[in-house]
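Protein sequence lines, in the order shown, are assigned to chains E and W.
For the first sequence, the working numbering gives the first residue as 1, with consecutive numbering after it.
For the second sequence, the working numbering gives the first residue as 1, with consecutive numbering after it.
Because the hints were derived from the structure by calculation, they are not lab data.
There may be inaccurate statements among the hints.
SDA-like mimics (lysine to any residue), calculated; alpha carbons at most 25 Å apart, straight line [as the list claims (entries may be wrong)]: (1) E:K119 <-> W:A13; (2) W:K111 <-> E:P96; (3) E:K260 <-> W:A17; (4) W:K14 <-> E:K119; (5) W:K111 <-> W:D123; (6) W:K39 <-> E:D285.
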Amino acid sequence: MKDRHVAVVTPWYPDPQVTYAGAFVRAQVEAVSGGCADLEVYHLKSWPVGAVGEALDANPAVLDLHARLLARSDAPLATAGGAVLHRVPTLTPRDPEWITHSDASARWLRTFLGGAPLKAPIVHAHVPITGGWAALENAAPGARVYMTEHSSFLAQLLEQPAARARYEEVLERADGFFVVGEPLHELISAEFPHHAGKLEYIANPIDFGTPRESAPTQLRRWLSVAALNERKRIDYLLEAFRRCCEEDPGLTLTLAGDGKLRATLEALAGELGVADSVEFLGSVDPAEVPGLMASHDLFVHTSRHETFGVVVVEALAAGTPVLVSRCGGSDQVLRGIEDAAGSLYDVDDDPEVLVNAYKELRERYPEGTDVAAAREHLRAKYSYETVAERHFEVWDREVNR
Amino acid sequence: MNVLFVAPSGARAKALATETRRAADAGHRVLLVAESQAKLAGHDLDGRVETHWIGSSKLSYTEPATTRFFRRKVPLGLLRRVGRGPFRKRARKAAKNYRATVIAGLDADKKTRTQRLRRDRRDAVVREQVQGWAPDWVVLHEPLAVEAVAGFLPALIAERPALRTTYAFEELWDETDG
């Protein structure tokens, strides 16, 4: 069934400035594009304007100009799988209220479309509060609107009364509402129990096309792919790494990712005396990740909380064993294959927990693991083909009814 | 074509380097208007890209000497002198209050005026470049760019309807791709 006409509405999508932001949305586009007659992506990127706390309407000349420019500045771009990408800069006030960002997303998409609805009869939005609301408010009458929630900030968002009311309305109006992992399912079910039955799972697609040529012989070259922020607990990783280095000074740690803590963490590596063994790569292009995974022996994840755990699947897709914190999404991803894939350890402030998990895994590797089997298990759930089929099954439900 | 990138803050420096190079590769003459070279540090700007730096961050509002003397120096100097006598505690408290109210107000005013000066310089330089360089294509590369051109671009578009405006210079979709 190739006559699907689909619009994807998303606040997150890679661009030349941040090539990894929303890489999973581009992966979804790439996965499903082969099953669509046409696929257009509307990237509603937030563009904060004005002074902090100032209302969006404070400078009407800027808004008027932006409205005029949106109407004349569309330059359809090429993106994954031959799909078309429209960048729609979404002017937003510099405030933390999600309701204003939600309103702005719908407003600027409407302006961009010249007041006409989206042509596609199938609309799939990402991030319901912004992309989802914009999709609902701009879909054609009779179009079916689906959405996927990925947000790690959802709990904070639901603390804002207006945003919470908007979220509930989005939940009600959506034709299908998907989450990428159990933590989000549990949160939304708890907050809106009357809508719990509407929630379904849909995974982020992962590329299984480039496995490493041979399995690592020893687990000595560690890799972390994570933003350098508090939630990812890289300070914890550095301390645990230092303790492991005391026993094996030949260990190395590569940190791929950037963030506001970079300078602090670089200083910490120096203070801990492991600066020579730790490499800070900065942000890496998503296309480089499989190669990085394949050139290291062990993927180490220390995050406190994750909604899905894309990088864990990416590591195993490359054939690299994993040492992962029980941070929510990763638990679900590795359920039933924990020992085959590597090891899961509890989120705890004591670095000794990670040290012990590493030593235990090192002792039983490779005989006590089966990374190839774990990889096949995940391929059946998260490959591009599997995830694309899941989308098609959802999108075609009404047609098949 | 003459392609002008307007990026007053240079906040999206990595994208700026990529997109200006792409424009130059496409055979366009490229001019970049941005705050300063320092803002783009660490991102190799293609040698073919012409640059014009706004340099507004060098500007700051200078308070009139009378304000500095009569509202900053004299009151605090007097309170310091009084504080050497028996009214030490009261003078210290009064100085603290004075700093929290009057001096803080003067500082806020200075900051506002400095911001206004910088914004005016930014808008004037961008206007001068957009009008003087005769671009065929203007890339408004960041939110501040829209704010910087709001005062004159509508009139320019009315005068030159063929002027192309976009928010990025990326690989265009070709119908044959689809």
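Violated hints, by number in ascending order, as checked against the structure: Hints 1, 4 not satisfied by this model.
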